[in-house]
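These protein sequences, in sequence, are chains Z and Y. Under this note's numbering, residues 1 to 270 are what the first sequence spells out, in order. Under this note's numbering, residues 1 to 274 are what the second sequence spells out, in order.
If you are wondering where the hints come from, they were derived from the structure by calculation, not from laboratory data. Since the model is a prediction, treat every value here as computed from it, not as a measurement. In this text, a Cβ means the ideal position worked out from N, Cα and C, and glycines have one as well. Mixed in with the good hints, there may be bad ones.
Claimed, not checked - Listing some non-contacts, in silico: residues in chain Y with all C-beta distances to chain Z over 10 Å: (1) Leu-53; (2) Pro-76; (3) Tyr-129; (4) Trp-237.
What the hints assert, rightly or not - Now the stretches of chain Z that chain Y is said to cover, found in silico as 3 or more residues with beta-carbon under 8 Å: (5) 87-94; (6) 107-121.
These are the residues of each chain, in order.
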Amino acid sequence: MNITKNINSLAPQVIMENVHKIFSSGQREVIALKGITLSISNGEFVSILGPSGCGKSTLLNAIAGFSLPTSGRLVANGAEVTLPGPDRGMVFQEYALFPWMTVADNISFGLKIKKLPKQKIREMVDALLVKLQLQDFRERFPKDLSGGMKQRVAIARVLALDPPMMLMDEPFGALDALTRRNLQDELLRIWMEFRKTVIFVTHSIEESIYLADRVVVMTYRPGTIKQIVPVELSRPRDVSSLQFISLQKELTSLVMEEQMRYREEEVEEM
Amino acid sequence: MKIRTSLFRQVFYSILLPVSLLAMWELLSRKGVFSPQVLPAPSQVFLRWIDYLKPLEPYDAEKTGAVVWLSSGELPHDALASFLRVMGGFAIGTGLALPLGLLMGTRIFIYNLCNPLIQILRPIPPIAYIPLAILWFGLGNPPALFLISLGAFFPVLMNTISGVRHVDPLLIRAARNLGAQGFTLFLRIILPAASPYILTGLRVGIGVAFIVVIVAEMIAVNNGLGYRILEAREYLWSDKIIAGMITIGLLGLAIDTVMSRINNYLLRWHRRQD
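This is chain Z alone, in the form it adopts within the complex (with noise of 0.2 Å):
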């Protein structure tokens, strides 16, 4: 499959060095992040767990590349991040499908750009339909969907361009419990198969266990790391086990100290 990850299959693919971000507008300085340092290996499932407004998104946006870091070493996949690019394939919880392109288009828009040869094209599409139970919707616009298909066309539209990285932005966010208990053993499923690193966003403390290696728990404003834990159950896992429900403590009580601090903040606002 990819080559350069056995290679470098003891280099992290994501390094990050006491990044910074700021973001100004006029006179007001937001510091969104502040002294990130975290390193993931390959093949990892970290989740990045807290509440809104505490820099999630904006540390996945930096590793991404819409969003450069204003101080601090990045580097993902071996090289610097400085622009987008399909090795960081992203999933977004507002699914972000093109609606004019049908779910095949939206599948294979990566490989077009690529410029593969059509049959080529044709049969990974094929592919990615079967493997994310997408067969009968070849054809079908973004708008006869439900939330759970769109965001299956989303990581298969990823999944084309075969990433070492997938990066998901609360992408379950918007869907239903069972639902989401269903794309998120989809997703398991696919990472078990391929092992891509995966670095999840996530508010959900039950989601984030229940898929990730490692939980980093963020601050809130400013955007530090707070503390991470590592989670070390077997898949499946089980919700209602013993370990499972003391780490849920944890990260509660975790998460919980970040969540008073931004009531206060916002009672201080008002």
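Fit chain Y to the known structure of chain Z by using the hints.
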């Protein structure tokens, strides 16, 4: 509750009002309430309309084919002339407005440069340009085309700019993430995303072009539906005036219906906001 009304009932209720008004009009005209000059009866208008539509010379199988003969009447020629002017003017106006709109929408520098001038010129109705148009272009088709293209220009321009500016930034992010840049991004993402607005602009533009063509034909040319109405007025042929107006309405409806169908097909992926 019967949800499916029969076809008969649907047709009946939709033609009820127009037919009643027509019947009343006919009745009152027959009674002599209106002078035939001021408001001719529908039956008379209809006869005049048929006259207008009829070929001018008797059928001569040796000279021309049947179809050509059938469409050799005054009305078909006028309708065609007006239609061609609309299309020509629309093409010119759109040909200028689309590229400019795309440029202004994507490059803020060009927008800031051109916008003040556009905002000053936009409120001036094309009709106000008539004296200048004749001065610059003389008589005949050139001034007419100038006015029509002017009419189509602004709706197409404004809607195109709006469409480009309203492209969801999230879609652009997703596209860049998948490897799209520069011209590819523009052609494959920005253009299609802006197409609902652009197509609306085209539809409005062609509507304005159609209005302007009638006016333009009244002052600068000697054929076409607008000219024919003016001519009928000079001869006090009120029935022909109304016949001409009805024809204009039908042509306008036909154009809009075709545009609407095209739009519906091109935008079949669009969420319907009913």
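Outcome of the hint check:
1. Leu-53: Per Cβ check, Y:Leu-53 is outside 10 Å of chain Z; nearest 43 Å; holds.
2. Pro-76: Y:Pro-76 clear of chain Z: closest Cβ-Cβ about 39 Å, beyond 10 Å.
3. Tyr-129: For Y:Tyr-129, whose nearest Cβ neighbour in chain Z is about 37 Å away, the distance exceeds 10 Å, so it holds.
4. Trp-237: 51 Å, holds
5. 87-94: Since 5 is at least three, the answer is holds.
6. 107-121: holds (count 4)
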